[in-house]
Every structure is written in structure tokens, then in C-alpha cells.
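Novice: Spelled out, the chains give:
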Amino acid sequence: MISREVAWRIFAAEFNSSSYEIKGEGEKAPSFLISPLGAKINRIFVVGVLTDNENVGNENEPVWRAKITDPTGTFYLTAGQYQPEASMALAKLQPPCFVAVVGKFRTYSPEEGKLYVSIRPERIGKVEAAIRDNWVLETCKASSDRISAMEEAMKLGEPDADKLMQIGFSLPLAEGAALSVKHYHPENLTRYHAMVVDALKFLLPEYQTGPDMSADAAVPEEIEIAEEDDVDKEALVLAMIESLDSGRGAAWDEVVKKSKEQGIEREELDTIANSLLDKGFVYEPVLGRMRKI
Amino acid sequence: MDKEELAPHVEEVARVLGEKADKEAIEKEMETYLTLYRVSLETAKRSIVKNFGGDPNALQKGTRKTVETLTGTEQSVDLMVKVLTVNPKSIEVGGASKNIVYGLLGDETGTVPYTVWETDRVQLKEGSTVLIRNAYTKEYNGSPQLNLGNRATVEVTEESLTVVGAPTNSVGSREAKISELGEGMNYVIVSGKVVSLEEKEITASGEKKNILTGVLTDDTGSVEFTVWGQTKLNKDDEVRIIGAYVKSWRGMPKLNLGDRAEVQVLDKGSLGDLTLTKVQTLEEIERAGGAMDTLVRGTLVDVREGSGLIMRCPDCRRVLQKSTCRVHGKVKGVDDLRIKAILDDGTSSLNVIFAKELTEQMIGVTMDEAIKLTTEERNPDLIKEMAEEKLFARSIEVRGMVRSDDYGPMMIAKDVHFVEQDVREEGAKLLTELEGFN
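Chains as they are written, first to last, in this note's numbering: chain C, 1 to 293; chain U, 294 to 731.
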């Protein structure tokens with residue numbers, strides 16, 4: 001009996017930081033991606049905002065590339081001819097909208113020591129905002145369970161799944177945490193703790209003050225840690241886009257003009273706009289116009 | 294082969310033969326076999342033992358192993374173990390009944406389930422330490438099982454062994470909730486309410502016998518039970534059962550009250566509210582393999598082929614393919630509506646089947662409407678597509694029966710509703726926990 005692989009709930013920030021793949025040996029043995037918090041992933045379940053959706057193949061052989069954002073970052077999806085149902089579903093979807101995806105992980109390694117991960121969707125469908133919120137909560141719970149297992153595993157000199165199970169963790173959590181500690185040797189989990197806290201704040205109206213709710217501690221691409229100042233400017237530009245929007249999106253020229261009045265130069269504005277696009281706070285309904293999501 | 298090399302083999306033959314022959318005679322025989330007849334050492338040893346009237350199977354042919362190192366592929370293996378449990382059982386083999394013994398053995402490295410297939414040959418006593426020779430192993434559910442067949446021999450030794458990893462559900466007694474009952478649990482204590490009870494007459498090994506069967510319920514689930522002894526029970530009794538054992542059928546655990554079981558009738562209401570409220574994780578369900586009545590929660594991650602409007606055979610209710618039943622051939626089919634879906638809660642997944650009424654409730658379309666829509670749209674997959682659209686990624690709470698077959702556990706749903714979480718309240722609660730932790 002081959003049992004179906006479970007669908008892990010995992011945020012983009014954690015998923016994209018995964019660099020440890022265990023390839024299945026033999027014909028039907030599944031491969032796994034071990035995440036930094038010890039999710040032993042074969043399949044994942046994700047709900048977020050579809051921000052980009054493009055056929056990079058041709059009409060006869062479509063290959064769909066899509067981006068889905070969650071409160072912590074962006075998932076990258078690719079669906080080709082072997083994912084006919086997902087491809088068909090993607091062909092019908094118009095960003096932005098909330099979507100749910102069930103799929104398997106894929107890896108791409110352009111050079112030794114570098115591993116990029118993406119999702120090969122099996123099912124994708126449009127959903128309502130409530131389902132996204134529900135997913136964020138569920139994923140916060142799942143991530144914080146993994147953090148607990150990791151913290152125990154890090155206390156053990158020699159991380160060992162059996163010992164973790166004796167403490168009371170389930171087999172998949174214990175196994176994954178032991179593997180993760182051996183591979184990633186984390187010193188602390190502060191970053192992921194912050195990721196969960198920020199994702200929770202995303203759900204709570206009292207914290208929803210603008211884009212600064214996406215604290216950068218949670219973003220995996222740590223190279224560009226935004227300064228406090230930048231975050232404020234992002235909030236400012238976002239508010240601007242919202243106020244200039246009369247239904248069809250804010251005209252980009254207007255945004256440029258307004259920004260200049262606020263002391264934000266064109267070059268800086270481009271960076272801010274790109275960041276907002278990446279985080280899924282705004283999108284371009286047509287060229288030259290921007291709207292808040 | 295010189296004398297020195299031969300010595301341990303002579304020793305071994307002598308040990309097996311005991312009083313039957315002395316070492317000198319064995320040594321002489323051994324030389325004859327090896328130098329004159331030039332047979333292999335193995336054959337020589339077996340022949341000598343046989344000639345002197347001993348049991349050649351008692352020769353140490355297999356390799357000595359510890360429980361931990363068993364792989365499930367050993368054809369002949371020797372073990373020094375402590376007998377943890379001994380359970381006689383009668384099974385049907387090719388129409389005839391046969392007595393076997395099963396239980397658990399252990400050593401310093403772990404425990405392993407065993408079966409004795411020849412009960413005349415081998416008798417095991419609970420608590421004794423034994424040297425088992427020529428046993429073989431098979432893999433079952435991913436773990437090795439030790440088999441004592443017609444070649445196996447057992448020697449009782451005086452050595453004392455400390456056993457590690459003896460599961461508490463197999464030795465001694467243990468208080469369990471109904472949802473925790475699992476195959477092979479041996480002396481379990483369980484409390485619940487008898488919600489149904491009936492007397493049955495059965496024929497066991499040619500004898501007519503009256504037994505009681507019924508259903509016991511607590512707040513984690515329900516289980517079918519059978520009383521084989523003389524215990525008195527009444528419907529609606531709240532009871533504490535001590536010393537029952539569990540056997541599973543198609544993954545569904547069943548409670549058995551044998552002669553050793555004792556029933557204490559409790560005061561009415563002493564078990565509190567017995568409404569099924571405890572939600573099981575799908576990992577727990579997978580581990581148990583089945584449940585008579587259980588409550589789970591998860592996300593619908595797939596609506597499978599075979600969902601929607603289907604045709605069934607009017608005689609046997611099998612689903613038709615191209616209006617043909619694989620038993621009754623071409624028949625006039627009967628319409629039916631169902632959903633086969635996969636539920637996933639992040640710990641594991643489960644196949645769930647929703648019959649007509651639940652399908653109607655979930656997709657908001659009656660069967661008559663479904664037939665009409667399908668005909669109008671000329672799309673036989675219309676209802677499946679509707680179900681996909683309505684159900685994909687939705688969270689549900691579902692109650693039903695779970696049993697296992699070759700494809701793993703499967704639930705037949707009895708009751709279902711969509712789960713609407715108060716995300717803000719739950720989120721705020723978790724945030725307080727996490728920040729308090731900092």
C-alpha cells in the first residue's frame with residue numbers, strides 16, 4: 001500500500017529558504033524537500049494572491065508560470081503539458097485573485113550549492129478571502145508546531161527522531177526536525193518566530209496599518225533588508241495609489257508627480273513600486289496604472 | 294580440516310545430542326563424513342545428529358541476531374529473547390482449524406511480534422528467557438515479524454534479559470479511550486456507555502454458543518464489542534471494562550471480552566457527556582487503521598474520478614462503466630450521486646466518500662436537478678466539475694466510519710459541515726501565546 005503524501009502547510013519564506021533535497025531512490029520512491037523548520041515536503045497546500053500569470057510556452061504547448069504571494073513572500077509555479085488540469089485552470093485565471101494550490105515541489109539548481117524551489121501544481125482554483133485567512137492561520141499553527149519540534153531537536157546533542165517522539169512529537173514532525181537540524185545547523189529560529197508573528201498580525205485588524213506589517217525579518221531574501229525609512233515610504237506610496245484610484249487604478253504619471261512632491265525621486269519610486277508589486281500589495285490592471293489589492 | 298578447527302562443531306553437535314553420544318564418538322563420525330564421504334560440514338553435522346537420534350534443527354544453523362537487527366528477510370535466524378506475551382488462537386487454514394500462538398518477544402534492543410505455527414513442537418511460557426533457533430522473519434506493515442515454523446527449536450535458559458521498548462499496550466494493563474484502541478492491544482481498560490446490545494447464536498468449532506455483541510461509546514468514538522464469556526450487561530449501562538483485548542477487522546478495531554475480562558457497572562451519568570466531540574488528526578486515523586464512528590477535520594484537496602452522477606447496477610449496486618456491470622453485464626442503470634474526495638489536515642490524508650444525501654447538501658443541488666442540468670448542458674462531468682469548484686480548498690468537519698483496504702484507510706461519511714473559523718479570535722490567541730513565549 002502506497003499512502004498519499006500529506007500536503008504541508010508552509011509559508012513562502014520558509015519554503016523558498018529550503019535547500020535540502022532527499023531524492024527518492026528506486027522507481028516509485030518519492031523525493032522530499034526538507035524545509036528549515038523540518039517540514040518533510042513532497043506535496044504542499046498553499047493559498048494566496050495570484051499576482052502574475054503568463055504563458056511562457058506557445059499556443060500548442062502552453063507552459064504557465066505564475067506567482068502567488070502570501071504574507072511572507074512569493075511562491076513560483078510552473079505548469080506544463082503534464083499538468084493538464086492545472087494548466088487549464090491557470091488559463092482561465094485572471095490576476096489578481098485569491099487562489100488555492102495543491103502541488104508538488106520542484107527544484108532547480110543552476111550551480112553547485114544553489115537550489116531554487118518552485119511548485120508544480122496538481123490542482124489550482126479560485127477561492128474566497130476567508131479561505132486565504134483560514135490558511136494563514138492554519139499555516140501559522142503548523143509553523144509554530146514545527147518551531148517547537150525544532151527547538152527540542154536543537155537541544156539534543158545528536159538530533160534523533162525517536163527521542164523527539166518520546167517527548168510527544170508526531171513521527172513526521174520528529175523525523176523532519178532531526179533531518180533539518182543535521183543539515184541546516186540553525187543557531188536560533190528568531191527569523192521564523194518573527195515570520196509567524198508577522199503573519200498572525202496580518203490577520204488582525206489592529207495591526208493592519210499598511211505594508212509595514214510585512215516585517216522584513218520574515219522575508220527570506222535577506223540581502224535587501226529594508227530600512228525603517230523605506231517601509232514608511234512604501235506605506236506612503238501605497239496610500240497614494242489608493243487615494244489616486246478612481247476605480248480603474250491610479251495613473252502612474254500621477255503617482256510619479258505626487259511622489260516627487262513628497263520628496264521621493266523617480267528612481268527610488270521604481271524600487272518602492274517593485275517592492276509593493278513583489279509583496280502583492282499592488283498590481284497593474286493595465287500598463288501605466290496601479291491598484292491596491 | 295584439522296582438529297582445532299573442528300572442535301567448535303563437535304561441541305555443538307555434542308550439545309544438541311546431550312546424553313545420546315560422547316564427544317569422541319562424534320569426533321570420529323565427523324572425520325569419517327568429512328574425509329571419507331567428503332560431504333559438507335553442514336551435512337555432516339546434520340547426519341550425525343540424526344544418526345544418534347537427535348534433532349538436527351537444533352543445530353545452530355541460522356545466524357544469531359538481536360531484535361533490532363532483524364530485517365524481515367531472514368530465512369533462518371537465532372535469537373535470545375524474553376517471552377513477553379503468549380496468546381493462543383485458532384485459525385482456519387484451508388478449511389481446517391489450526392491452533393497457533395502469537396505474542397511479543399523482546400531483548401535489550403527492542404521487541405518483535407511472533408507466531409508459533411507448530412504448537413506441538415514449541416511451547417513458550419510468559420516471562421521466560423529462551424534461545425530460539427531456526428526461526429524465520431517476514432515483513433508485515435513495514436516491520437519484521439518472527440515466525441517459528443516446523444524447523445524452529447526453543448531452549449529455555451536461565452539468563453536474565455532486560456527488555457527495552459516493550460509497548461505498554463501489550464504488557465500489563467492500560468486505561469484507553471475508544472479512539473486509542475488498536476490492533477493487538479492485550480489487557481486494556483476502557484470505559485463507556487453500552488448504546489446497543491444484542492444476543493447472537495454462533496457456531497464456533499462445531500459448538501453452538503451464545504454471545505453478546507454491542508456498541509460501546511465515549512466522547513472520542515464508538516467501538517463494537519463481543520462478550521465471549523458469562524458477563525452480564527444491559528443496554529444503556531455505563532461500564533468500565535477491565536482486561537479486554539482488541540482485534541481489528543479491515544482496520545476497524547473491535548473490543549473482545551474474553552474469560553479474563555471483568556465488567557464494573559458505574560452509576561448512571563458518571564462518565565459525563567458522551568457526545569462525540571474529540572477531533573482526531575488524520576495521522577491518528579491512519580495509525581489506527583479504522584474506526585466505527587469518528588470525527589475529523591481537514592481541507593478538501595481533491596475531488597476524485599468517479600464523483601458526480603453515476604449509474605449503479607440495479608441488482609448489486611456496483612457502479613456501471615458504459616452501462617455495463619462487471620457481474621451482471623448490460624443492465625438498465627439506476628442513477629446515484631456521490632463524491633469521492635481527499636481530505637488533508639496537514640498530518641495525513643484520508644479518502645472520504647459522501648453518499649447521495651450528503652453530496653446534495655454539500656453542492657446544493659438535488660439529484661433530480663443534477664440529472665436535469667447534466668442533460669441540458671450535455672456534459673456528463675458537470676456535477677463533478679461543480680463539486681470541484683464548490684469544494685476545493687474548503688475546510689470541513691466530517692463524521693463517519695473508517696476502514697482500511699489495499700488502498701489505505703477510507704471514510705464513509707455520515708455527517709458533514711463546512712468549518713468557519715473565527716480567524717481573528719484564534720489568531721489573537723496564538724499571537725498572545727507566541728509573544729508570551731518570547
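Please keep in mind that the hints were generated in silico from the structure rather than gathered at the bench.
Even for Gly, the Cβ is constructed at its ideal location relative to N, Cα and C.
Treat the hints with care, as some may be off.
Not close to chain U: a few residues of chain C, all C-beta gaps over 10 Å, as computed [unchecked claim]:
id	residue
1	Glu-5
2	Asn-58
3	Pro-84
4	Ala-130
5	Lys-182
6	His-193
7	Glu-267
Okay, derived cross-link-like pairs now, DSS-like style, lysine-lysine, Cα gap no bigger than 30 Å in a straight line [unchecked claim]:
id	chain 1	residue 1	chain 2	residue 2
8	C	Lys-126	U	Lys-358
9	C	Lys-92	C	Lys-126
10	C	Lys-141	U	Lys-391
11	C	Lys-155	C	Lys-28
12	C	Lys-104	U	Lys-470
13	C	Lys-155	U	Lys-683
14	U	Lys-418	U	Lys-321
15	C	Lys-141	U	Lys-540
16	C	Lys-126	C	Lys-260
17	C	Lys-126	U	Lys-649
18	U	Lys-528	U	Lys-431
19	U	Lys-571	C	Lys-141
20	C	Lys-141	U	Lys-561
21	C	Lys-163	U	Lys-683
22	C	Lys-28	U	Lys-296
23	U	Lys-528	U	Lys-561
24	U	Lys-431	C	Lys-163
25	C	Lys-28	U	Lys-418
26	U	Lys-501	U	Lys-547
27	U	Lys-391	U	Lys-418
28	U	Lys-722	C	Lys-92
29	U	Lys-547	U	Lys-615
30	C	Lys-23	C	Lys-92
31	U	Lys-649	C	Lys-67
32	C	Lys-201	U	Lys-722
33	U	Lys-431	U	Lys-358
34	U	Lys-431	U	Lys-493
35	U	Lys-501	U	Lys-470
36	U	Lys-571	C	Lys-292
Novice: Does each hint hold? Answer for all of them.
Specialist: Do the hints match the structure? See the list:
1. Residue-level check failed: Glu-5/C sits 8 Å from the nearest beta carbon of chain U, not beyond 10 Å.
2. For Asn-58/C, the condition that its CB be more than 10 Å from all CB atoms of chain U holds, with the nearest at approximately 27 Å.
3. Pro-84/C, annotated as away from the interface, keeps every beta carbon of chain U farther than 10 Å; the closest lies near 14 Å.
4. Some Cβ of chain U comes within 10 Å of the Cβ of Ala-130/C; the nearest lies about 7 Å off, and the non-interface call is violated.
5. At roughly 21 Å from the closest C-beta of chain U, the C-beta of Lys-182/C stays outside 10 Å, upholding its exclusion from the interface.
6. Look at His-193/C: its CB is around 7 Å from the nearest CB on chain U, not clear of 10 Å, so calling it non-interface is violated.
7. Interface exclusion of Glu-267/C from chain U stands, the closest Cβ pair being 38 Å apart, more than 10 Å.
8. A distance of roughly 57 Å separates the Cα atoms of Lys-126/C and Lys-358/U; the hinted pair therefore is violated under the 30 Å criterion.
9. At most 30 Å may separate the alpha-carbon atoms for a hinted pair to count; Lys-92/C and Lys-126/C meet this at roughly 10 Å.
10. For the given pair, Lys-141/C sits about 52 Å from Lys-391/U by alpha-carbon distance, which is inconsistent with the 30 Å threshold.
11. For the hint linking Lys-155/C to Lys-28/C, the alpha-carbon distance of about 35 Å lies beyond 30 Å, and the restraint is violated.
12. Proposed proximity of Lys-104/C and Lys-470/U is contradicted: the alpha carbons are some 36 Å apart, above 30 Å.
13. Taken as a hint, the Lys-155/C and Lys-683/U pair is broken in the structure, with Cα atoms around 45 Å apart against an allowance of 30 Å.
14. With a CA separation close to 38 Å, the supplied pair Lys-418/U and Lys-321/U exceeds the 30 Å bound.
15. Taking the CA atoms of Lys-141/C and Lys-540/U, the gap is about 36 Å. The hint is violated against a cut of 30 Å.
16. Of the supplied pair hints, the one linking Lys-126/C and Lys-260/C is violated, its CA atoms being roughly 38 Å apart against a limit of 30 Å.
17. Taking the CA atoms of Lys-126/C and Lys-649/U, the gap is about 26 Å. The hint holds against a cut of 30 Å.
18. Pair hint Lys-528/U plus Lys-431/U does not hold up; C-alpha atoms about 43 Å apart against a cutoff of 30 Å.
19. For the proposed pair Lys-571/U and Lys-141/C, the alpha carbon gap of about 19 Å is at most 30 Å, so the pair holds.
20. Pair hint Lys-141/C plus Lys-561/U does not hold up; C-alpha atoms about 39 Å apart against a cutoff of 30 Å.
21. Between Lys-163/C and Lys-683/U the alpha-carbon distance is near 43 Å, which puts this suggested pair outside the 30 Å criterion.
22. At most 30 Å may separate the alpha-carbon atoms for a hinted pair to count; Lys-28/C and Lys-296/U exceed this at roughly 53 Å.
23. In summary, the hint linking Lys-528/U to Lys-561/U is supported, as the alpha carbons are separated by about 12 Å, within the 30 Å threshold.
24. The straight-line distance between the Cα atoms of Lys-431/U and Lys-163/C is roughly 27 Å, inside the 30 Å bound, and the hint therefore holds.
25. As the CA atoms of Lys-28/C and Lys-418/U are separated by approximately 43 Å, the hinted pair breaks the 30 Å bound.
26. For the given pair, Lys-501/U sits about 22 Å from Lys-547/U by alpha-carbon distance, which is consistent with the 30 Å threshold.
27. Between Lys-391/U and Lys-418/U the alpha-carbon distance is near 20 Å, which keeps this suggested pair within the 30 Å criterion.
28. Between Lys-722/U and Lys-92/C the CA atoms are separated by roughly 38 Å; this puts the pair beyond 30 Å, and the hint is violated.
29. Of the pairs offered as hints, the one joining Lys-547/U and Lys-615/U is violated, with about 39 Å between alpha carbons and a cut-off of 30 Å exceeded.
30. Taken as a hint, the Lys-23/C and Lys-92/C pair is broken in the structure, with Cα atoms around 34 Å apart against an allowance of 30 Å.
31. Between Lys-649/U and Lys-67/C, the direct Cα distance comes to roughly 38 Å. Violation of the 30 Å bound is thereby established for this hinted pair.
32. For the hint pairing Lys-201/C with Lys-722/U, the CA-to-CA distance comes to about 11 Å; that is within 30 Å, so the pair holds.
33. Using a Cα cut-off of 30 Å, the hinted pair Lys-431/U and Lys-358/U holds, with the two alpha carbons roughly 15 Å apart.
34. Restraint check for Lys-431/U and Lys-493/U: not satisfied, since their Cα atoms lie roughly 37 Å apart, outside the 30 Å limit.
35. Restraint check: the Cα-Cα separation between Lys-501/U and Lys-470/U comes to about 33 Å, which exceeds 30 Å; the hinted pair is violated.
36. The suggested pairing of Lys-571/U with Lys-292/C is violated, with an alpha-carbon distance near 42 Å, which exceeds 30 Å.
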